[in-house]
Structure formats: C-alpha cells, structure tokens
Amino acid sequence: MTFSAAVKSALTPTGRLRASINLGNPILANRDAAGLPVGVSIDLARELARRLGVESELVVSDSAGKSVDIVNADQADIGFFAIDPVRGQGILFTAAYVLIEGSYLVRAASPLQRNEEVDTAAHRVTVGK
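Heads up: the sequence shown begins at 1 in the working numbering, then just goes up one per residue.
Just so you know, these hints were derived from the structure itself, not from any lab.
Zero decoy hints are in this set.
If you anchor each label on the Cβ, the simulated ranges turn out as follows:
1) A6 <-> R124: 43 to 53 Å
2) R50 <-> A108: 38 to 48 Å
3) V7 <-> T126: 32 to 42 Å
4) S110 <-> V7: 43 to 53 Å
5) P13 <-> E117: 43 to 53 Å
Ideal placement from N, C-alpha and C gives every residue a C-beta, glycine not left out.
Working from the sequences, and respecting the hints, build out all of it.
Below, the structure is given as structure tokens:
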C-alpha cells in the first residue's frame, strides 16, 4: 500500500503519526504487566505508521470522551472510536474496521432477556462516560 504525499502530510502533520489510544475499552486497548499499552488499536496505529514510513506516538487516555478530545485538540492525528454523532462532531470517520456487538448486563431474575426489550421509554440505561 502506498500513500500520496498529500495523504501522508494530512495524517502526519508533525512528521510522525500521533494516535489517540482509549484504554477505557479493553477490547481495543489495555496495559500489559509492565504498564505499556497493548491491543488492537495500538497494533493498527503502529502498522499504519510503518506503512506511512513514519514513527508512531501513542497519546493514551482512560476514556473515549478524553480520547476524542485529544484528537479535536490536535494533540493526536487519529483515534479509534465508535461512530457517535455527538462525540464525533469535529472529526471524520472512516469505514468501520471492526464490529463490536454490545449487550446489556441485567440480574438473572430480570424480565429483560433480549436486547430489543430494553429499548423503551420505561427503562433507564447506564453507560460509562
């Protein structure tokens, strides 16, 4: 895969690829026993940097919201996010690179047993911020 000079310049305005890494989603990123970031988003960032012929720089945060803020503040060039119209204001999204199915956690005795049973005005859903 080769990139045009314009694409390389747009993705690496500082001469390196700065990737915002969200540790709030352990499916995408986490820390190893030594405290270093590991996971699919780190692998993708490093591989993209390699293909661009530049060094990678990981800008690590503990939540998706902070990770998006880092990109919006031009402290990182790319990030790995769920497509969210509110958080996504001011950034552009590529096509999805992974599909992650979500689910709800309920007590075993809950009458809610299927995802579609949750999506009603009578239910309140709590999510991480």
